[in-house]
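> The lines below spell out each chain.
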Amino acid sequence: MNWRAVQAIYTFEMARAYRTLAQSIVSPVLSTSLYFVVFGAAIGSRITAVEGVSYGAFIVPGLIMLSLLTQSMANASFGIYFPRFTGTIFEILSAPISTTEIVIGYVGAAASKSIILGVIILATAGLFVPLHIAHPFWMLFFLVLTAITFSLFGFILGVWADGFEKLQIVPLLVITPLTFLGGSFYSISMLPPFWQTVTLANPVVYLVSGFRWSFYEIADVDVSISLAMIGLILGACLVTVWWIFKTGYRLKS
Amino acid sequence: MAPVISVSNLSKTYASGFRALKNVNLDIARGEILALLGPNGAGKTTFINIVCGIVKASEGTVLVSGHDNVTNFRAARKEIGLVPQELTTDAFETVWATVSFSRGLFGKPPNPQFIEKVLKDLSLWDKKDARIRTLSGGMKRRVLIAKALAHEPQILFLDEPTAGVDVELRKAMWDTVRRLRASGVTIILTTHYIDEAEEMADRIGVVNHGELILVEEKRELMRKLGKKQLVLQLHDTLDALPPALASHKLELAQAGTELIYTYDTQGERTGITALLKDLGEAGIRFKDLHTTQSSLEEIFVNLVKRPT
Ligand SMILES: Nc1ncnc2c1ncn2[C@@H]1O[C@H](COP(=O)(O)OP(=O)(O)O)[C@@H](O)[C@H]1O
Ligand SMILES: [Mg+2]
Chain A
1 MNWRAVQAIY TFEMARAYRT LAQSIVSPVL STSLYFVVFG AAIGSRITAV EGVSYGAFIV
61 PGLIMLSLLT QSMANASFGI YFPRFTGTIF EILSAPISTT EIVIGYVGAA ASKSIILGVI
121 ILATAGLFVP LHIAHPFWML FFLVLTAITF SLFGFILGVW ADGFEKLQIV PLLVITPLTF
181 LGGSFYSISM LPPFWQTVTL ANPVVYLVSG FRWSFYEIAD VDVSISLAMI GLILGACLVT
241 VWWIFKTGYR LKS
Chain B
1 MAPVISVSNL SKTYASGFRA LKNVNLDIAR GEILALLGPN GAGKTTFINI VCGIVKASEG
61 TVLVSGHDNV TNFRAARKEI GLVPQELTTD AFETVWATVS FSRGLFGKPP NPQFIEKVLK
121 DLSLWDKKDA RIRTLSGGMK RRVLIAKALA HEPQILFLDE PTAGVDVELR KAMWDTVRRL
181 RASGVTIILT THYIDEAEEM ADRIGVVNHG ELILVEEKRE LMRKLGKKQL VLQLHDTLDA
241 LPPALASHKL ELAQAGTELI YTYDTQGERT GITALLKDLG EAGIRFKDLH TTQSSLEEIF
301 VNLVKRPT
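Protein sequence lines, in the order shown, are assigned to chains A and B. Letter by letter, the first sequence follows residues 1 to 253 in this note's numbering. Letter by letter, the second sequence follows residues 1 to 308 in this note's numbering.
In short, the hints are calculated from the structure, not lab data. Cβ coordinates follow ideal geometry from the N, Cα and C atoms, glycine included. Errors might be hidden in some of the hints.
[What the hints assert, rightly or not] Which chain B residues stay away from chain A? Per the calculated CB distances, all over 10 Å, these: (1) Ser6; (2) Asn49; (3) Val55; (4) Arg74; (5) Lys78; (6) Pro84; (7) Glu86; (8) Thr88; (9) Ala91; (10) Ala97; (11) Gly104; (12) Val167; (13) Arg179; (14) Gln229; (15) Leu234.
[Claimed, not checked] If you only want the chain A side, here are some residues facing chain B, beta carbon under 8 Å, derived: (16) Phe12; (17) Ser54; (18) Gly56; (19) Ser253.
[Said to hold, decoys possible] Quick list of in silico lysine-lysine cross-link-like pairs, BS3-like style, CA-CA up to 25 Å: (20) B:Lys22 / A:Lys252; (21) B:Lys218 / B:Lys228; (22) B:Lys218 / A:Lys246; (23) B:Lys218 / A:Lys252.
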C-alpha cells in the first residue's frame, strides 16, 4: 500500500473543506437549526409524542441522516469530479497508486467530513431537545457506515457525471425526495397501509429506522433488516467502483 | 545497457475509432534527451500519456526499467515525472502545498529541503505561499515542472514545455533540462520548435499520422539527410550556365550573381575539387564562397511531406 499517497489525497480533501468552512459546516448546521425551529418548535408542539418520544427529539436521527446522505454525496462527488473537470486528475492517474488507494483517500475524506458534520448536528440538536442515545455504539456504527456508503455513492456519481448539472441532478431529484419520504419526519406507522408498503421500497427508510433505533429503540423495520440493507447498498457501491477502475470507465480513454 | 523505456508494437485506437498510434516501437536509453517532433495531432501526447498510464494502450507493451507499465504499474510509474501539455493546475492551493502533494502521491517521505531546492531552481521560491490561481501562465508552467520533479523522478516527460512560453522562461527551462540531464535523468520532450530539438536533443524521433517514421541520433540524422550547399558569389554576372559545367549539379541564382552547388555530405566524394577545376578552366571567377547545411526544419518538412 502507498499510504503516503492515501494521506496526500486525504489531507488535500480535508484542506479543501477547511477553506470552504462556511459551505461545509456552517450551512448544514444553519439549515438543521431551521428545521428544529420550524418542525420541532413551531409544528412539533402540536404533534403528539411518537411512541413516547417528543416530536422534536423524534426527528433528530432523521435530520442527521438527511445531512449525512446529502453531504457525503456532495463531498465525494465534487472531490473526484473537480479534478476530472480541471484536468488535474492526470496526476492521480499517473502516480504509483492503486485504485483502492484512490478510493480510500477520496471516500475516506468525504466520509470523515460528513461524520464530523453529523456529530456537530447532533450537538446542535442537543441545544434544542433533550437527547437520549440508547445504543451509542450502534449509533456510531450507523453513522460511520452510512457516511462511507454514501460517500462511495457520491464517488461513483462524480465519475459518471460529465457536467455540473448531472452532478447536482441526482442528489436533487433522487436523494432529497427519498430522504424526505424516508421517514425522517414521521413514523411509517402514521401512513395509510398502502403507502406503508410502498415506502418499504425506499432504502432510506431502513437507514433512518436503524439509526433512530440506536437512539430511542423505536424502529419501523427490524434493526437487522436495516443493517442488511446498508450492507447491500455498500456492496453494490463497492462492486460498481471496482468495475469503474477495472474498465477505466470515464477516467481513462 | 538495457533501455530505460522499451515500447513495443504500441497502438492506440480511441473510442471514436480514431487510430492515433500505429505500431510504435522505440527504445530509450538511460540518460539521453529524446525529442519527439511532429505536427499537431501526430500522436505525441497520446504516446506520452500511454507511457505515463493516463491513456490505455489498445495493443502493445511499455516497459519502464524492465517493469511492465500495466501489470507492474507501481514500479514503472515511480520513476516517471510528467509535465503535461495543458496548464492543468489546482487553483486554490498554494504552490508549496501542491508540490508537496505531488511528492506524497508518489509515496515519497516529506523532504522540505528538496522541495525548497526545486522551487528555488525554478525561481518559484518567493511564490511558495501564493495561491496558484494568482500566478501568470508562465509561473503555472513552472509549478507543473516543480510538481513533476517533486518525487525525484529518473525519467521526465515534457509535453510541449515551451509552447506559448516567453523567452526568459524558455531559457530557464532549458537550463533546468540540462541540469537534470547532467544528474542522469532521462528526458523525453515534444516540441514544435525544431531549433529546440536541434539544440537540446541527443536523438530525434519524428512522429506523423500516428507512426514513428524515424528515430535517429541527431548528428546522424543531420548527416544522413542533410544536404550541403556551396554558394559561390561570382565576379561577373552570368546569363546562363556554360555547357562545360553541365555535368555538375549547379544552379544559377541571384540574377546570375551566384552559383549554388548542392552535394551530399554522405557521399564518397563531394565533387568540389572537380567543380573548382572546371570553373577555373571555364574562366569563371568568384569573389567569395560559403557553405550552408540544411537545418532540421528542412529535413523535417521533407519527411512529413513524403507520401506515406
Ligand atoms: N480522447 C480522444 N478521443 C479521440 N481522439 C483523440 C483523443 N485524444 C486525442 N485524439 C486524437 O488523436 C490524435 C493525436 O492526438 P495527440 O496525441 O494529442 O497529438 P499531438 O500531441 O501530436 O498533437 C489527434 O487527431 C486527436 O484528435
Ligand atoms: Mg500534444
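> Are the hints correct? Go through all of them and say.
These are the hints, each one checked on the structure:
In this structure Ser6 of chain B is separated from chain A by more than 10 Å, as the shortest Cβ-Cβ distance comes to about 19 Å. At roughly 8 Å from the closest C-beta of chain A, the C-beta of Asn49 of chain B falls inside 10 Å, breaking its exclusion from the interface. With a least CB separation of 6 Å from chain A, Val55 of chain B falls inside the 10 Å interface cut-off, contrary to its annotation. Against the 10 Å criterion, Arg74 of chain B falls within the reach of chain A, whose nearest CB is about 4 Å from its own CB.
For Lys78 of chain B, the condition that its CB be more than 10 Å from all CB atoms of chain A is violated, with the nearest at approximately 5 Å. The beta carbon of Pro84 of chain B is not kept farther than 10 Å from every beta carbon of chain A, the shortest such distance being approximately 5 Å. For Glu86 of chain B, the condition that its CB be more than 10 Å from all CB atoms of chain A is violated, with the nearest at approximately 6 Å. Not every CB of chain A lies more than 10 Å from the CB of Thr88 of chain B, the least distance being 3 Å, so the non-interface label is violated.
Not every C-beta of chain A lies more than 10 Å from that of Ala91 of chain B, the closest at about 8 Å, which undercuts listing it as non-interface. Interface exclusion of Ala97 of chain B from chain A breaks down, the closest Cβ pair being 7 Å apart, not more than 10 Å. Annotated as non-interface, Gly104 of chain B brings its C-beta within 10 Å of a C-beta of chain A; the closest such distance is 3 Å. At the 10 Å boundary, the C-beta of Val167 of chain B stays outside the reach of chain A, the nearest C-beta of that chain being 27 Å off.
Consistency note on Arg179 of chain B: stated as away from chain A, and its beta-carbon is indeed over 10 Å from all of that chain's, at 23 Å minimum. At the 10 Å boundary, the C-beta of Gln229 of chain B stays outside the reach of chain A, the nearest C-beta of that chain being 45 Å off. At roughly 59 Å from the closest C-beta of chain A, the C-beta of Leu234 of chain B stays outside 10 Å, upholding its exclusion from the interface. Interface hint status for Phe12 of chain A: upheld, as the beta-carbon distance to the closest one in chain B is roughly 6 Å, under 8 Å.
Evaluation of the Ser54 of chain A hint against chain B yields a violated restraint, the C-beta minimum of about 44 Å exceeding 8 Å. Annotation: Gly56 of chain A was flagged as interfacial toward chain B, and the flag is violated, the nearest CB pair being 39 Å apart, outside 8 Å. Hint status for Ser253 of chain A: holds, given a least beta-carbon distance of 6 Å to chain B, under 8 Å. With a C-alpha separation of about 19 Å, the suggested pairing of Lys22 of chain B with Lys252 of chain A holds against the 25 Å cut-off.
Straight-line distance between C-alpha atoms of Lys218 of chain B and Lys228 of chain B comes to about 16 Å, which keeps the hinted pair within the 25 Å bound. For the hint linking Lys218 of chain B to Lys246 of chain A, the alpha-carbon distance of about 41 Å lies beyond 25 Å, and the restraint is violated. A hinted pair counts as satisfied when its Cα atoms are at most 25 Å apart, and Lys218 of chain B with Lys252 of chain A does not qualify at roughly 34 Å.
In this structure, the earlier hints numbered 2, 3, 4, 5, 6, 7, 8, 9, 10, 11, 17, 18, 22, 23 are contradicted, and the remaining ones agree with it.
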